[in-house]
Amino acid sequence: MNLSTPDRAIKLLLVFLALSSGSGCAAGLAEAPFASSPGSVEPGDLRGPFYGQVLDTDSSKPLSGATVLVCWDFVQGDGPSAPAGTVRRVVTTNADGRYIVPRVSVRGRHGRLARATLIIYQRGYLAYRSDRRYSDLGPRGDFTQTGNMVRLERFPNEGSHVRHLRFIGAGGPLGQAVAWELQLASDEAARMRPSWQEEETGAAGEEKPIDATRLLSADELKAVTGYKGDFTIGKLGDRETSSTYDSVHFRATGGQPEKFDAAIRVFRAADAEGAELRYDELLHDYPEVEEKDEIGDRSLRSREKEIFGVVALDKAHALVVVFTCGVEQCHDHDTAVALVKRMWPRLGRVTAGRPRRVAPSGGEAEPAPEAAPETPKESAPETPKEAP
Amino acid sequence: MTLRRWGGPALAMLLVLGRAPSAQAWDAATTHAGLTEQAIYASTLGRILTQTLHRPLGLYEPLRINLTGPRGERLGTALGRLGSADGYAPEGGRLPALEWVVAGSVIEETPVVRMRNHFYDPRTQGGLDQGGFLSGMDLRMGRLLEGSGSVREFLTGGGLDGTGRPSLAWLTATDNDLGLSWFYEARERAVTAATPRERDAALAEALLVAGAILHVVEDATEPALVRNDFREEFARYGGPFRRWVAQRYGRLGVPAPSAGPIDVAHLSEIITNEDETGLADRTAAHFFSLGSLPGSTPTRSPDVKPGAGLSGYVAGEDVAHLAAWRREAGRLIWQLDERCYRDYASVLLPLAAHGALSALEHLFRGGLSLSDGKVYAGTEALGAGRLSFYAEDGMGRRRMIRSSEVSGAAAEDVLADEPTVEGARRLVAVFRGVDVEGEPIVVSAERHLE
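If you're matching them up, the sequences are chains A and B in order. Taking this note's numbering, I'd label the letters of the first sequence as residues 1 to 388. Taking this note's numbering, I'd label the letters of the second sequence as residues 1 to 450.
Because the hints were derived from the structure by calculation, they are not lab data. All the pointers check out, no bait thrown in.
When the alpha-carbon atoms are kept at most 30 Å apart in a straight line, the in silico BS3-like pairs for lysine-lysine are as follows:
| # | chain 1 | residue 1 | chain 2 | residue 2 |
| --- | --- | --- | --- | --- |
| 1 | A | Lys235 | A | Lys341 |
| 2 | B | Lys374 | A | Lys341 |
| 3 | A | Lys305 | A | Lys222 |
| 4 | A | Lys305 | A | Lys292 |
| 5 | A | Lys305 | A | Lys228 |
| 6 | A | Lys292 | B | Lys374 |
| 7 | A | Lys341 | A | Lys315 |
| 8 | A | Lys315 | B | Lys374 |
| 9 | A | Lys341 | A | Lys228 |
Some chain B residues near chain A, calculated using beta-carbon distances under 10 Å:
| # | residue |
| --- | --- |
| 10 | Ala28 |
| 11 | Gly46 |
| 12 | Arg47 |
| 13 | Thr50 |
| 14 | Gly58 |
| 15 | Pro90 |
| 16 | Arg94 |
| 17 | Glu99 |
| 18 | Ala103 |
| 19 | Ile107 |
| 20 | Val112 |
| 21 | Ala409 |
| 22 | Glu412 |
Residues of chain B placed beyond 12 Å of chain A at every Cβ, according to the derived structure:
| # | residue |
| --- | --- |
| 23 | Leu67 |
| 24 | Ser181 |
| 25 | Pro196 |
| 26 | Gly312 |
| 27 | Ala324 |
| 28 | Ala329 |
| 29 | Trp334 |
| 30 | Ala391 |
| 31 | Met395 |
Quick reminder that beta carbons are idealized off the backbone N, C-alpha and C, glycines included.
Build the full structure now, drawing on both the sequences and the hints.
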């Protein structure tokens, strides 16, 4: 394509376009979302000027020296679009609490005036915004361009500086004025815990169930064993998931026998000693045990008929992991061991409380395509009857 | 093909075209700012800034950015255009830490043409595909007419022409100056740069880029962006859903995340994954945009059937008002109205904030610790990478004292031995490499020396 010799008509067209609209000069301004004055239905003018008075809510006395910031935001393109610049003006209220913010000129400005926001800030008071209320952060409907009456409430003793800084913004033109709140907000934020963290801990401090699904995905299992089929992922059903026990059953689909399945059981003890006791029980109870100590603090291999078993102890997390894998899935014991080694770096996640992947309502772990599993098919090694 | 060949159509189009409105997904200055803000408040970022990066004020630590070169100029221009009523417009290059993240989420779409790379259609695994050099000419012309496009873009096809890269590719694209590689680079410099001022600037930059990444993730909950619908939703109707959300919620009314963060092996899984539970998977499967309503071509899920009357709504899996329908002169007409928008926003905004929260936690995941003369991996197992040690003197200046390749370590396992350092006030360790899933990661730890 030869861009250096464009058609003459095109050239003229483009020059026209560039001159007529491509310069990006302010083409207009949006309709103001506020009235021109109290009681009026006439929309105000985004450009201003803005007049008003600021009073103390309790005393109804004028507040002098309050900072009044007006920001005029320009955007590029029709409708709300990319920011194209901002103009702001800061004034302070006089002895009568009155403010006057002169009209802004949009001449020569890049883009279109889309928004004008007025913020009033006085230390010791809750700030005021022309677009939103502090109480519920909902849209404000009582701001007017002129004759605007603002009653500032005193900052309550138990008031939140995190919320207050979110309301007015922690940076920008008011950055200097609100600097004293940064430390207070920071201290408050350090004490706060997001609601999801509280949910994970449990309302009454009870421990949340552990989650064995974080140790191994079906894809990883297939990648290591080379299995081409699919799995239904569920629980083994031998015991309820709790803060001390969880299981994952990779059940081969298509009516395959259990020698195509794999399963993970995770036991959590109160401490490292308890976990080691649990491990010793399994060492004693499982068939054809050979202690190899190749994973974690201790580990063993076990086998019963067509099922390979691997048990490993992690004292740091007070966990015992039991992995069982059918001979058509794992083919040999080394494969089963490799899979447990793959799980090992993730032991911390078992108790971390976060679901894997996005669940629509934020709740579930890896979804099981079918309903809750029936009676476990797996038979060996036997699952211990009691949790530690 | 020469310009002469499309001269005729261009002139004809000038006569018939209305002004094609510029396009955005969620409105950047309000909705994206609010979503990102909510994600930050729900995240552990404040704790990481305080405890790992030793910024005493955490989220509120003032940081001054220092961007240089052509990239710095571009970003500086974009930052200079930000509206200043919401606290995220820098003053003299300074902002509190959390506002840098918010600022990043806003400038990800400045200029608007960047949004062409925010589409991801899980059905095709592709990006925006509704134009091209010739067939997208009407769109470029529209932007030129409204003043948001340039003559150069119009001529070269470099502007918003109805095509773009998938958002997943955009996150890692080398020409994305707010992409993942810039995040990790700045995150490392935030610890390794020689002077405190340089480290502050790098941290501000890392947070800025993190915000831009969150923007791309949040966009995966906007139906038009995951259903390859640019022409109808944006070019024809000007993005009514986006406008409605911006007006109703503003920045401050945006809801908090729907749940705690999810733990993902790869950032992309938040947007799409094989379980089809990613933001884009879910949004594309359960919500409509104007250009992909029932009856449009190609037909897309969800499958719905109108009732027997003259008008009504069909319900979806997540919302009571999935789409409005009416019968008019024997025709069945589908539409999205305010009831639909209200329902959509009530589900999609918390989901978007949730995705942003998960992305933020992913970017700042893991850690290192220094104790007993050893360096330990944190909660995240580490793969191969480079472990470097820095000594800090009494003036806060840091110099590298050792750097070597390491093969990785299990979570909370020993990564290496600490070097012996004399005459330093602080020892710093930083690992840059991949985690066990092969995802890039930068983690660091600092220890005061007696």
